[in-house]
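Chemist: Chain by chain, the residues run as shown.
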Amino acid sequence: MIQLDNVTKRYPGGQEALSGLSLSVNKGEMVFITGHSGAGKSTLLRLIALIDRPTGGQVIVDKQNTRRVKRRKIPAYRRQIGMVFQDHKLLSDRPVFDNVALPLIIAGVSRRDAARRVRAALDQVSLLHKENQNPLTLSAGEQQRVGIARAIVTRPKLLIADEPTGNLDPDLSLEVMRIFRRFNEVGVTLLIASHDIALIDRLGCRRIALEGGKLQDEIDPWQ
Amino acid sequence: MAVTRNADAVAPVRSSSAFSIWLTRHASMSLGALGRLCRQPVASLMIILVIGVTLALPAAINVVVKNAQSVSGSWDNALDFSVYLRLDLTVSEAEGLARLIGQRADIASVDLVTSDEALAEFKQQSGFGAALDQLSENPLPHALVVRPSPGNTGESLILLQEEIGNLPETDLVQVDTEWVQRFHAILDIVRQALAIGAALLGLAIVVIIGNTIRLDIENRREEIEVTKLIGASNAFVRRPFLWTGFWYGLLGGSFALLLVQYGLYLLRDPVTRLAGLYQGNITVATLGLTESFAIIGTAVFLGLFASWTTAARHMRRIEPR
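Same order as they appear, the protein sequences are chains A and B. Using numbering that gives the first Met the number 0, the first residue of the first sequence is number 0, and each one after it goes up by one. Using numbering that gives the first Met the number 0, the first residue of the second sequence is number 0, and each one after it goes up by one.
No lab work stands behind these hints, which were simulated from the structure alone. Keep in mind that the hints are not guaranteed to be accurate.
[To be verified] Some, not all, of what chain A presents toward chain B, calculated at C-beta under 8 angstroms:
{"no.": "1", "residue": "G19"}
{"no.": "2", "residue": "L22"}
{"no.": "3", "residue": "R77"}
{"no.": "4", "residue": "P102"}
[What the hints assert, rightly or not] Restraint ranges, calculated between C-beta atoms of paired labels, are given here:
{"no.": "5", "chain 1": "B", "residue 1": "L199", "chain 2": "A", "residue 2": "G107", "range": "19 to 29 angstroms"}
{"no.": "6", "chain 1": "B", "residue 1": "F300", "chain 2": "A", "residue 2": "R181", "range": "29 to 39 angstroms"}
{"no.": "7", "chain 1": "A", "residue 1": "T54", "chain 2": "B", "residue 2": "L22", "range": "39 to 49 angstroms"}
{"no.": "8", "chain 1": "A", "residue 1": "D97", "chain 2": "B", "residue 2": "L214", "range": "16 to 26 angstroms"}
{"no.": "9", "chain 1": "B", "residue 1": "E224", "chain 2": "A", "residue 2": "T54", "range": "47 to 57 angstroms"}
{"no.": "10", "chain 1": "B", "residue 1": "M45", "chain 2": "A", "residue 2": "D97", "range": "21 to 31 angstroms"}
{"no.": "11", "chain 1": "A", "residue 1": "E217", "chain 2": "B", "residue 2": "E318", "range": "46 to 56 angstroms"}
{"no.": "12", "chain 1": "A", "residue 1": "D97", "chain 2": "B", "residue 2": "L288", "range": "49 to 59 angstroms"}
{"no.": "13", "chain 1": "B", "residue 1": "E224", "chain 2": "A", "residue 2": "I196", "range": "26 to 36 angstroms"}
{"no.": "14", "chain 1": "B", "residue 1": "E224", "chain 2": "A", "residue 2": "G37", "range": "19 to 29 angstroms"}
{"no.": "15", "chain 1": "B", "residue 1": "L214", "chain 2": "A", "residue 2": "K213", "range": "43 to 53 angstroms"}
{"no.": "16", "chain 1": "A", "residue 1": "G107", "chain 2": "B", "residue 2": "E224", "range": "16 to 26 angstroms"}
{"no.": "17", "chain 1": "A", "residue 1": "Q79", "chain 2": "B", "residue 2": "L44", "range": "38 to 48 angstroms"}
Backbone N, C-alpha and C define an ideal beta-carbon position, used for all residues, glycine too.
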């Protein structure tokens, strides 16, 4: 599903966020990326989401070489990927329902279909009863779940998450991870950046550790 | 709460036609843009006011020019010229000449004003009645008021006047319509100036709306970034701002129309009074349906143009970080 070949990302100013990184994530896998801040976790996800482009090497996502995705085609490319952010990036000028519906509106889904799918997505994160509330009135854990509902409402094959539990206490973190686990069980590929190693170990998933933009360690509990 | 959906079904389900989805989407976006304007009533009203006044100015001047033209248009027919005959001509000789000239194809009609008639009229209008009675004989000549036929051009008129001036019976040909031509020339200048002024004011409107949209975009920067992050195209994020420009144009144009119509309403009585003084049947030309639509249409076009160029410029710049 995701394949990185010798990927280097150098930011203007000279510092190298990723240097010669190669890794692959198979279809249907749930993989964590760990490492200290500055290890290159976020940069890796940014390259996959085409927020940035690699300086060298190739990033292939779902058989598409991101290098060949033209600027004009980036929106369509991003619509295939669900994204969850540490600060959840919800819009506070509209209720929960509209936030979750936004990807469907962008994709041009009819109002009736959109409503049905928004409710299904909110149901999956147990927030159906809060659809009319403003995101600002929700707790941190609830806000993050709304962010997840928005990421999965278009039923993407791939979901990437950057520190999704960064602002949550251990109980809420576990709940969020369980939600991710359930998506994985129905075939969604997940790539999650996190530094919460204790939590990751409980889930028993493959873990890729980055250090200084390079692959430091790879732990696969199944091998 | 179990995940039952097949995660492979990525393609959006499209049960209604793409067109009807597009239509409802635009309808909701346009209402959304209108709603945003209504949430900042003072700021929006100020801009609509500025657009209205800016557009009303050239529109009003245009109406004034049009009225002046219609008034001077009635003067166009007044190309009559007077032919003063030699003093020694008798009434019957003058009548004969009038008949003769009247037969020409390039002359519509000839009126004879005999010296007696002229004197009587002069006495009545000048107020020198008593003084004129002292005169032993009538000092005024017979005169012909010649009205050329409408087919005449400016050049043929001059030729005609020369020809009649050269007749042995003629003493003097007097043309008193030169000022009409001068008036036309002035109107032409006013119209040119109006076109230049209107273009400058249009530019001002584009700048005003563009600047407002730019501030709007800056205020909603985060929203634009997030929307782009989850896959919105430039066209998608631009759309609400186009609608904002559309509404500014429509409301501003309507306000301009209202201003002009109200101004004309205020002018109607004084003009009617003036017309009464000239015994003319001057009516104030108002804005027709076409012109009303033209004003609103121009405003909408300027609004869309301003928002389009501004949004296009800024949308490309705002990318998720």
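Chemist: Taking the hints in turn, state whether each one holds.
Modeler: Going through the hints against the structure:
Given hint, G19/A at the interface with chain B, is violated; its Cβ is 25 angstroms from that chain's nearest Cβ, farther than 8 angstroms. Annotation: interface hint on L22/A violated; nearest CB of chain B at approximately 23 angstroms, more than 8 angstroms. The beta carbon of R77/A comes within 4 angstroms of a beta carbon in chain B, closer than 8 angstroms, and the hint placing it at the interface holds. Of the supplied interface hints, the one on P102/A holds, with its beta-carbon coming within about 5 angstroms of a beta-carbon of chain B, less than 8 angstroms.
Distance hint check: the CB atoms of L199/B and G107/A are about 42 angstroms apart, inconsistent with the given range 19 to 29 angstroms. Hint check: F300/B to R181/A, Cβ distance near 53 angstroms, so the stated range 29 to 39 angstroms is violated. The hinted range of 39 to 49 angstroms is satisfied by T54/A and L22/B, whose Cβ atoms lie roughly 45 angstroms apart. Here the CB-CB span from D97/A to L214/B is close to 24 angstroms, well matched to the stated 16 to 26 angstroms.
In this structure, E224/B and T54/A break the distance hint of 47 to 57 angstroms, their C-beta atoms being roughly 23 angstroms apart. About 29 angstroms separates the C-beta atoms of M45/B and D97/A, a value consistent with the hinted range of 21 to 31 angstroms. A beta carbon spacing of about 33 angstroms between E217/A and E318/B contradicts the range 46 to 56 angstroms that was offered as a hint. Distance hint for D97/A and L288/B: a CB-CB separation of about 41 angstroms, inconsistent with the stated range 49 to 59 angstroms.
The supplied range of 26 to 36 angstroms is met by E224/B and I196/A, whose beta-carbon atoms lie about 31 angstroms from each other. Checking the proposed 19 to 29 angstroms range against E224/B and G37/A shows it holds: the Cβ atoms sit about 23 angstroms from each other. A beta carbon spacing of about 45 angstroms between L214/B and K213/A agrees with the range 43 to 53 angstroms that was offered as a hint. For G107/A paired with E224/B, a C-beta distance near 21 angstroms keeps the hint of 16 to 26 angstroms intact.
Between Q79/A and L44/B the Cβ separation comes to about 44 angstroms, which falls inside the hinted range of 38 to 48 angstroms.
In terms of the numbered hints stated before, the structure departs from hints 1, 2, 5, 6, 9, 11 and 12, listed from lowest to highest.
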